[in-house]
Amino acid sequence: MGVERQLPGFVTSKLSTAVNWARKFSLFQYPFVTACCGMEYMAVACNRYDISRFGAEIPRFSPRQADLLWVVGTVNHKLAPFLARIYDQISDPKWVLSFGVCASTGGFYDNYATVQGIDKIIPVDVYIPGCPPRPEQVIDALIMLQEKIAREDWEEHYDRAPAIEVPA
Amino acid sequence: MSQNALKKLKTKFKAAVVDSHERLGNETAIVSREKLLEVCQWLFSDEKMAFDMLSDVTAVDYQNRQPRYEVVYHLYSTTQKHRLRLRVPVEEGQESVPSVAGIWRAANWGEREVFDMFGIRFEGHVDMRRILLYDEFVGHPLRKDYPVQKSQPRMDLRSPERDAVEEFRHFYQDRNRPA
Amino acid sequence: MNQPRSLAALQPDPDVNAHEDVMVLNMGPSHPAMHGTVRMVLTLDGETIVKCDPEIGYLHRGFEKMCENVTWTQVFPYTDRLNYVSPLLNNFGYALAVEKLLGIEITERARYIRTIMGEMSRICDHLTCVAAGALELGAMSAFLYAIEGRDLIWDIVEEVTGARLTVTYARVGGLKDDLTPDFRERWADVQPRVEKIIAVLDQLATKNRVFMDRMQGTGVISKADAINYGFTGPALRSTGVAYDIRKDHPYFAYDRVDFDVIVGSRGDNYDRYLVRMGEMVQSIRIINHCLRDMPEGPVMVDAPHVVLPAKHDVYNSIEGMINHFKIIFEGIQVPAGEVYSFTEAANGELGFYIVSNGTGRPWRLRVRPPCFYLMGGIDRLVEGAMISDIIPTFDTINMIGGEIDR
Chain A
1 MGVERQLPGF VTSKLSTAVN WARKFSLFQY PFVTACCGME YMAVACNRYD
51 ISRFGAEIPR FSPRQADLLW VVGTVNHKLA PFLARIYDQI SDPKWVLSFG
101 VCASTGGFYD NYATVQGIDK IIPVDVYIPG CPPRPEQVID ALIMLQEKIA
151 REDWEEHYDR APAIEVPA
Chain B
1 MSQNALKKLK TKFKAAVVDS HERLGNETAI VSREKLLEVC QWLFSDEKMA
51 FDMLSDVTAV DYQNRQPRYE VVYHLYSTTQ KHRLRLRVPV EEGQESVPSV
101 AGIWRAANWG EREVFDMFGI RFEGHVDMRR ILLYDEFVGH PLRKDYPVQK
151 SQPRMDLRSP ERDAVEEFRH FYQDRNRPA
Chain C
1 MNQPRSLAAL QPDPDVNAHE DVMVLNMGPS HPAMHGTVRM VLTLDGETIV
51 KCDPEIGYLH RGFEKMCENV TWTQVFPYTD RLNYVSPLLN NFGYALAVEK
101 LLGIEITERA RYIRTIMGEM SRICDHLTCV AAGALELGAM SAFLYAIEGR
151 DLIWDIVEEV TGARLTVTYA RVGGLKDDLT PDFRERWADV QPRVEKIIAV
201 LDQLATKNRV FMDRMQGTGV ISKADAINYG FTGPALRSTG VAYDIRKDHP
251 YFAYDRVDFD VIVGSRGDNY DRYLVRMGEM VQSIRIINHC LRDMPEGPVM
301 VDAPHVVLPA KHDVYNSIEG MINHFKIIFE GIQVPAGEVY SFTEAANGEL
351 GFYIVSNGTG RPWRLRVRPP CFYLMGGIDR LVEGAMISDI IPTFDTINMI
401 GGEIDR
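Protein chains in written order, with the numbering used here: chain A, 1 to 168; chain B, 1 to 179; chain C, 1 to 406.
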């Protein structure tokens, strides 16, 4: 992966556009579903509010085969290390969608058990507020994520730090 | 029907039943800890009582009175259709109650949860460990002296200084003022 | 978690005899068939399960602790998120418990409306359970049909309560609002479509050879064991015990409507599935009966110490404003005491044990989750079975994370 970094600017920007176009319309989701937002996730993935029209059709239940991590529902301190581990197991490029207010900021569970937002564990790309968010909101967030992917530099994912540091 | 059950219980175990009431249609007997197993065994096997289902086992922390805790059992009979509540007072410092998991296997998980949330151990329970929280957790959250926002993260969080627990602690200190 | 990676750890251990020793397999907390948040540590002998140790608590959100710090009315949003597929049943169960402590009776119309909306939630819960079960056994079309049915009901629930899922519809003393004026027309439009979807689910799954092979004879439990483990609801009725709280200890309008209690006989997964399918049909029957008999009238009881006054009084009179202020800020003053109130939720006996110390905040609020005790018995259900039998067993038990972990 070296020759691309030496090409002139307009070629890399065209390459970025092409690669990002391919990435944003073929997001393979890993639905990390925990709580009530999971019901709205099921509704948005099914026939009425269909997210497969946006390319995000199949849920891949293995982190090795996915690139979009949907964190749906509350994450508590017991589950936090598992979420971090799954995030690390997804290979680059990867994006994270924090679905619902419990995943974004902890929701109204401001207590000993809940992590106040998954961005304390993993980096998040798009936050969807709502308890639970309406399916239209989720589709809006997905489109927002697709626009974000379109804007980014296609190689910016390859230097991210993992969520859990493992000694070599 | 449940009134008869309560009356029979009080007649048979006069020494064990410390107190009882029937307020709001809930027949309740307060049973001493030493006699709990005997009472439960009789309630389960006697054919007039026939309390074959343990609906629920839980505990309450009455903060400023002695005995501090009470373990509460809700019993139901699917054949006679009557209910009974047993309350077992537990002193602070001697938080241990005999386990009824040998009589009703529903108590297996119920008692684990009481241990997890209140710290009351159950003697004779085969598997006394936490059920809802993780092993590294120190303390028992449903006790009244455990602050509601005191979290114990299991891993290093990326931005702990922005955690609401530390910032707003002084707003939530003494919310629940006992009567 | 943070173990050093070294090559030595990857070599097979010579002391382990892979053909004779048991193997410990982890079906981790993030697993598609674990409904999100349960970890099962299985001890396997080949494909047969020797011991199954479920580990829950991955959705523990501190419901009981939070409820001790908020007022009685502020607990309602927390109860929505207990069994989040049938939130109305939880709301009404909690409201019933507080009303028992207060000693007030709700109005007739509120009783009927609570019955109707509760049964709608029950249909949603059973549709979701059957859908998830079918999906995990490979019948994805059944899943899509059932979710469409659920969406249709959610449309009506949204019109009446304002939200699709987390509704917070009940209040102590009644309900937030009356039904919409066109409720009967909307239900007359939705009911045949839901009935058709239930019929389609029946056609797709009930007599399907693969479905029957996987569900019949798996996850079997006897009557005595089920009662001893504290099972209630469809899981208990599938073993042959006809215990339904709506019939045995009726509340709301259940003593005035006709419906049948669906009872199975073998206590296996197939019977649990059939009990749920039958209960959906009975729920539709209850809703229709209630709509025929429902009287007109207010939905909130006339009790100024419990119910917020009408907005007209709040804004135009001092008494109304003070009444509103005191109820909102201090909470409803519930007399000291304890009560255990139980209703038939979709999974079984949902009990609320409430201890009040006379103030506007609960002293202790305990939820008796039906699926907690169902999960406690899961090692009895799967012992000696194969790994693939866990999937339908876990589905028909209908463990809902929000309820079991609170």
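Incorrect hints may appear among the rest.
Partial list, computed: chain A residues near chain C (C-beta under 8 angstroms) [what the hints assert, rightly or not]: (1) T17; (2) A18; (3) N20; (4) W21; (5) M39; (6) E40; (7) A43; (8) N76; (9) T114; (10) Y127.
I should point out that these hints are in silico values taken from the structure, not numbers from a laboratory.
Backbone N, C-alpha and C define an ideal beta-carbon position, used for all residues, glycine too.
Status of each hint after checking the structure:
no. : hint : in the structure
1   : T17  : violated (34 angstroms)
2   : A18  : violated (33 angstroms)
3   : N20  : violated (28 angstroms)
4   : W21  : violated (29 angstroms)
5   : M39  : holds (6 angstroms)
6   : E40  : holds (6 angstroms)
7   : A43  : holds (6 angstroms)
8   : N76  : holds (6 angstroms)
9   : T114 : holds (6 angstroms)
10  : Y127 : violated (19 angstroms)
Going down the numbered hints, you'll see the structure goes against 1, 2, 3, 4, 10, while the others check out.
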